[in-house]
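Peer 1: If you want the building blocks of each chain, they are given just below.
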Amino acid sequence: MAQLPWLSLLVFFPLAAAILVAIMPANAHKPIRWWATIAALAEFVFSLPLWWRVIPGQAGFQFEEKLDWIPVLGAQYHLGVDGVSGLLALLTTFTTLIAIIGAWTSVEKRSREFFALVLALEAGMLGTFFCLDLLLFYVFWEAMLIPMYLLIGVWGGQRRVYAAVKFFLYTMAGSVLMLVAILSLWFLQKQYSGIPTFDLQAFYQLPLAPSRQLWMFLAFAFAFAIKVPMFPLHTWLPDAHVEAPTAGSVILAAVLLKMGTYGFLRFAMPLFPNALEVCAPYIAWLAIIGIVYGALVAMVQPDMKKLVAYSSVSHMGFVVLGLMAMNSQGFAGSMMTMLNHGVSTGALFLLVGVIYERRHTRKIADFGGLWTVIPVYSVIFLVVMLSSVGLPGTNGFIGEFLVLLGAFKHSVWWAVVAATGVILSACYMLWMFQRVVFGPVTHEENRKLTDLSFRERLVFAPLLVLIFWMGVAPQPFLDRMQPALDRVLQMTNDRAQMMAQADATATAPLASRLPAAPAAVSVPAEQGGAR
Amino acid sequence: MNIVPQPTFLALDWWALGPVIALTVGAILLLLLEFLPQRANGNRGGIVSLLTFLFSGYAVWRVAGEKRELFGGMFVHDPMTVFFTMLFCSVGLLATLMSWDYVKRTKINQAEYYALLLSSVLGMIVMAASNDLITVFLGLELMSLALYVMVGFRRSRLESNEAALKYFLLGAFASGFLLYGIALLYGATGTTNLAMIGAFLADTPLSTNPMLLMGSLLVFVGFGFKVAAAPFHMWTPDVYEGAPTSVTGFMSAGAKAAGFAALLRVALRALGPVMADWTQMLAVIAFLTMTVGNVTALLQGNLKRMLAYSSIAHAGYILVAVAAGGPEGASAAVFYLATYSFMNIGAFAVLTMLGKGREERVLMSDLQGLGFREPLLGLALTAFMLSLAGIPPMAGFMGKLYIFGEAVKHPQLLWVVIAGVLNSVVSVYYYLRVTVALYMKEPEGEPVGISWGAPAVVAIVLTLAATLYFGLQAQGLWIQAQNSVMGLL
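Residue numbers (my numbering), protein chains in the order written: chain A, 1 to 531; chain B, 1001 to 1489.
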């Protein structure tokens, strides 16, 4: 399929659908949600070939599309996909579909704007995963904030404005520093090769003196750490999750948080490997603190949604820890945990949303004994909860096991401390489940709860299938991600070695010693190089 | 370089002077037409002003590729003049469109309003096109005097009077500073011609000469006042708040762009040889300006006041580009000015439509619930706010990208770049407050009435299109901005 710009269509189809939904009559709730669902379904079906068309073993990016965007700067419209971004894109289209169907009845007010924004958000997320040009990446990364901000702020709970603004400001604060680093990188590249470009693959070739890498790495890492979120920067997450509407929470947990770790994997780590070596222990310990801290705080939450939010902090800590282990198992574990967390936590938020819609409360204390009242719901809750705990046979186990394996290979202590997080997760999840589902029915209102409707079962069915599939037979997933992950690992190590050697031979910054190419710098229409 | 006066006027010169002539004729025509009675709601002023701007833009565009020096090198026609003339004509055009119904409903629909608008644009053009400190001063005064009157045009309103008086008094002082600076520069170098000052300084190193230093400092103070750079920004909030909304929109874009155009010309042409010594001082002023603007804007409840502080902050960003220096920095500033003009006028055009009759509903609380009641208006205002905040895919982001991309090339400016991006995070808070009011709050009290008018809608659509287009595809404007500075005569 060399001719059809498949990735562009994937990115812009939801945007077009969003615009179409946005111009429908405001009160036509039923057609609006039908059309939104159809659009999300079409997008999902259209994205399915990512599963088999992306050839895992093939080096580099596939289905590349490259067009000049701002030739003066060497910024290009450059998309491509590999094993990692392919799986994350599939997760995105899947989650969006699930979230839209899940939000059918919960959003009655201004449903037109709601569904349009969810679809626009999908376009932004896919763009972020597919783009291979740093400026384009930044544009998608920031533009994506707008729909999410509005989703939280307009359709959220009591303190929605506070949560939405906090979400926006936190993310923005991190990413503007990344912008400065991107600009410096662009300038160094221009000095080095004489050709201005924002092309990621060109940056992969750019030698950078280790002393220069540090601040740039920190700027990137700061942006991504806020998004993940890592321990001291996580405070926006509980607020955003608690206040966001269910669909917003699902997308936020399942996809948006992954952008942070994806950013580490795709940008921060391979670009600045020497700085990574210096910082990795600190980051890993922050991740471990996040694992334990998130779990401990989750344990004492009276609000189910907040509990799930803090469990996200804990789980995302595993993802970062796996990346910092810098070995094949750790990477695979991280990537698996990203997918697992998307499925399990997305499902948990949907489950919380289901009873919130019926009872308008999320307090654990307001429930109890649901097993006898709504058995189907309880069974699904059980499965999802166990998968989030990481019971063998469910998806959660594979990811966390691989992460711990990788961490163990790097440092025994990492694995030892991180493993307590697994135990703690069992504590908070099982305890919450016990209080909500088991025991006698303590509140009379709960006796009248209705079990899952057909639509809701339809939402949870694919999630359960995925939970077991990824838990029992994770190999197809691993096969798809492993070669791409290994390439990142290889490249990171190679670049680290190359630049450390270059630094050893000369103390002067490398980029300044290399003669600038003779090409005139001010020639505007210079093609950004494809190397 | 040919500084000998051309013996004859070529046809080309007439076209190059087209805007100046047309604007003068237009202004006089408007005043003369006042002798013929017209209805209170007549469109005569608007139509004449619109046609004048269209013709002016066309005239200068016709000879866009040429370079000429006129009047003994006091007035130049070069790519920068062309760029800024086109910009000022667009600003004037948009200002006319958004004034159209606003002046009618606020009962200030008089020919003088448009005549002053035309003279003020004329002053801006002269500022951007001047190659001599005397002409710069001439243009600046022409622009300022017209603006003083326009600010006080709602003479039944106390705030408007106060604003005009304040602006006039402080502006008169600033003009004095500028004139004194010009005099000192003349004393130090023996000429007021920018090119000759530049040539003189290149030959004779005078960087420690107190007269030169004092002179250039005072000239900078004069421009700093016009562009609202800290610590010369004090007039801005009161004037912006008191002036009729359409005038605020016009001056926030036009006067700032004109001030920077003249500043850039002086910096590049005359003081180029000594600019390197100025980098850190400009960086400090840039830092102060954007921080003062952004921090003070955080808690403003009046949108015009908020946008006043935001305009101070934007002056700070542009000063970062000026500090980066050289043609690259200047072209970043030029680019930013163009994008800033469109998005800011757009925002003010939305504000002119708020309220019925003579009422002015520009409080943050007036916006509550407006986003869903008037989706298109809300969407436009949101887009302008996001653009001002520098969030892609809006033009404001490309402007910031350009400025910070140029500044980051200088290691000694890295601190101000980081301060700048963090400042833009601060600014996001108050721009988001607008969207919060639009979409996330329920209306309190009597909801604000909207005075729809086709010309204002056209202005909004045009500015919105520009804001989005330059955000998604900045290449064209980028090249134009570069050319305008590279081709400096």
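Incorrect hints may appear among the rest.
The list that follows gives simulated cross-link-like pairs (lysine-lysine, DSSO-like), each with its CA atoms no further than 30 angstroms apart [claimed, not checked]:
(1) K1166/B with K1104/B
(2) K1107/B with K1067/B
(3) K363/A with K1409/B
(4) K166/A with K363/A
(5) K109/A with K1441/B
(6) K1409/B with K1107/B
(7) K166/A with K66/A
(8) K166/A with K1166/B
(9) K109/A with K363/A
(10) K166/A with K109/A
(11) K1409/B with K30/A
(12) K1104/B with K190/A
(13) K448/A with K109/A
(14) K1107/B with K66/A
(15) K109/A with K190/A
Covered stretches of chain A, as calculated for chain B (at least 3 residues, CB under 8 angstroms) [unchecked claim]:
(16) 148-160
(17) 183-196
(18) 228-241
(19) 325-331
Derived DEER-like restraints, expressed as beta-carbon distance ranges [to be verified]:
(20) A1465/B with W413/A: 53 to 63 angstroms
(21) A1276/B with A504/A: 31 to 41 angstroms
(22) P25/A with E1444/B: 44 to 54 angstroms
(23) L1054/B with F12/A: 50 to 60 angstroms
(24) P1231/B with L41/A: 40 to 50 angstroms
(25) L41/A with Q1280/B: 25 to 35 angstroms
(26) E1444/B with Q434/A: 23 to 33 angstroms
Don't read these hints as lab results, they were simulated from the structure.
No residue lacks a Cβ here, since even glycine has one placed at the ideal position from N, Cα and C.
Peer 1: Hint by hint, say whether it matches the structure.
Peer 2: Hints, verified against the model:
Only pairs whose Cα atoms come within 30 angstroms are accepted, and K1166/B paired with K1104/B is accepted, the gap being roughly 26 angstroms. Taking the CA atoms of K1107/B and K1067/B, the gap is near 44 angstroms; set against the 30 angstroms cutoff, the hint is violated. Proposed proximity of K363/A and K1409/B is contradicted: the alpha carbons are some 54 angstroms apart, above 30 angstroms. For the proposed pair K166/A and K363/A, the alpha carbon gap of about 23 angstroms is at most 30 angstroms, so the pair holds.
Among the hinted pairs, K109/A with K1441/B is consistent with the structure: their alpha-carbon atoms are about 14 angstroms apart, no more than 30 angstroms. Taking the CA atoms of K1409/B and K1107/B, the gap is about 52 angstroms. The hint is violated against a cut of 30 angstroms. At most 30 angstroms may separate the alpha-carbon atoms for a hinted pair to count; K166/A and K66/A exceed this at roughly 36 angstroms. With a CA separation close to 38 angstroms, the supplied pair K166/A and K1166/B exceeds the 30 angstroms bound.
Distance restraint check for K109/A and K363/A: the Cα-Cα separation of roughly 24 angstroms lies within the 30 angstroms cut-off, and the hinted pair is therefore satisfied. About 24 angstroms separates the Cα atoms of K166/A and K109/A, which keeps this hinted pair within 30 angstroms; it holds. Taken as a hint, the K1409/B and K30/A pair is broken in the structure, with Cα atoms around 55 angstroms apart against an allowance of 30 angstroms. A hinted pair counts as satisfied when its Cα atoms are at most 30 angstroms apart, and K1104/B with K190/A does not qualify at roughly 54 angstroms.
A C-alpha spacing of about 25 angstroms is found between K448/A and K109/A, which places the hinted pair at or below 30 angstroms, so the restraint holds. Pair hint K1107/B plus K66/A does not hold up; C-alpha atoms about 56 angstroms apart against a cutoff of 30 angstroms. This hinted pair does not check out: K109/A and K190/A have alpha carbons roughly 51 angstroms apart, beyond 30 angstroms. Check on the segment 148-160 of chain A: 5 of its residues sit with their Cβ under 8 angstroms from a Cβ of chain B, so the three-residue criterion for coverage holds.
By the rule of at least three residues with a Cβ nearer than 8 angstroms to a Cβ of chain B, the coverage given for the segment 183-196 of chain A holds, with 4 such residues. Note: the segment 228-241 of chain A has 0 residues with beta-carbon separation from chain B under 8 angstroms; the three-residue rule is not met and the coverage is violated. Residues of the segment 325-331 of chain A lying with their CB closer than 8 angstroms to a CB of chain B number 0, which falls below the three-residue condition for coverage. Roughly 59 angstroms separates the CB atoms of A1465/B and W413/A, a value that falls within the hinted 53 to 63 angstroms.
Here the CB-CB span from A1276/B to A504/A is close to 36 angstroms, well matched to the stated 31 to 41 angstroms. At about 28 angstroms, the CB distance of P25/A to E1444/B disagrees with the hint of 44 to 54 angstroms. At roughly 36 angstroms, the beta-carbon separation of L1054/B and F12/A lies outside the given 50 to 60 angstroms, and the hint is violated. For the hinted restraint 40 to 50 angstroms between P1231/B and L41/A, the CB-CB distance of approximately 59 angstroms leaves it violated.
Range check, L41/A to Q1280/B: about 59 angstroms between beta-carbon atoms, so the 25 to 35 angstroms window is missed. Range check, E1444/B to Q434/A: about 46 angstroms between beta-carbon atoms, so the 23 to 33 angstroms window is missed.
Violated hints, listed in ascending order, are 2, 3, 6, 7, 8, 11, 12, 14, 15, 18, 19, 22, 23, 24, 25, 26; each of the other numbered hints is respected by the structure.
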